Amino acid sequence: MFDRLDLLSILLKSGLTLATVYVIYLRSAAVKAKRSSR
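Numbering (full-length UniProt numbering), first residue to last: 1 to 38.
Rather than coming from a laboratory, the hints here were simulated on the basis of the structure. For clarity, every value in this text was computed on a predicted model and none was experimentally measured. Ideal Cβ placement from N, Cα and C applies to all residues, glycine included. Errors might be hidden in some of the hints.
Pairwise CB distance ranges (calculated) [stated by the list, open to error]: (1) Leu8 x Ala30: 31 to 39 Å; (2) Ser9 x Ala29: 26 to 34 Å; (3) Arg4 x Lys32: 37 to 45 Å; (4) Ile10 x Val31: 25 to 33 Å; (5) Arg4 x Lys34: 32 to 40 Å; (6) Leu8 x Ser37: 37 to 45 Å; (7) Arg4 x Arg35: 27 to 35 Å; (8) Ala33 x Asp3: 27 to 35 Å; (9) Leu7 x Ala29: 29 to 37 Å; (10) Ser37 x Asp6: 45 to 53 Å.
Given only the sequences and the hints, what does the whole structure look like? Please build it.
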């Protein structure tokens, strides 16, 4: 049985991990673009 708070915490943690992965992906893409442009 999951409590609402547990569900919220899990959603927040998964959202934060997804956000960090997305930011890292964007940074790597930007670095690749800069390297290819030069």
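Going through the hints against the structure:
| no. | hint | verdict |
| --- | --- | --- |
| 1 | Leu8 x Ala30: 31 to 39 Å | holds (32 Å) |
| 2 | Ser9 x Ala29: 26 to 34 Å | holds (30 Å) |
| 3 | Arg4 x Lys32: 37 to 45 Å | holds (42 Å) |
| 4 | Ile10 x Val31: 25 to 33 Å | holds (32 Å) |
| 5 | Arg4 x Lys34: 32 to 40 Å | violated (45 Å) |
| 6 | Leu8 x Ser37: 37 to 45 Å | holds (43 Å) |
| 7 | Arg4 x Arg35: 27 to 35 Å | violated (47 Å) |
| 8 | Ala33 x Asp3: 27 to 35 Å | violated (45 Å) |
| 9 | Leu7 x Ala29: 29 to 37 Å | holds (32 Å) |
| 10 | Ser37 x Asp6: 45 to 53 Å | holds (47 Å) |
Checked against the numbered hints above, the structure breaks hints 5, 7, 8 and satisfies the rest.
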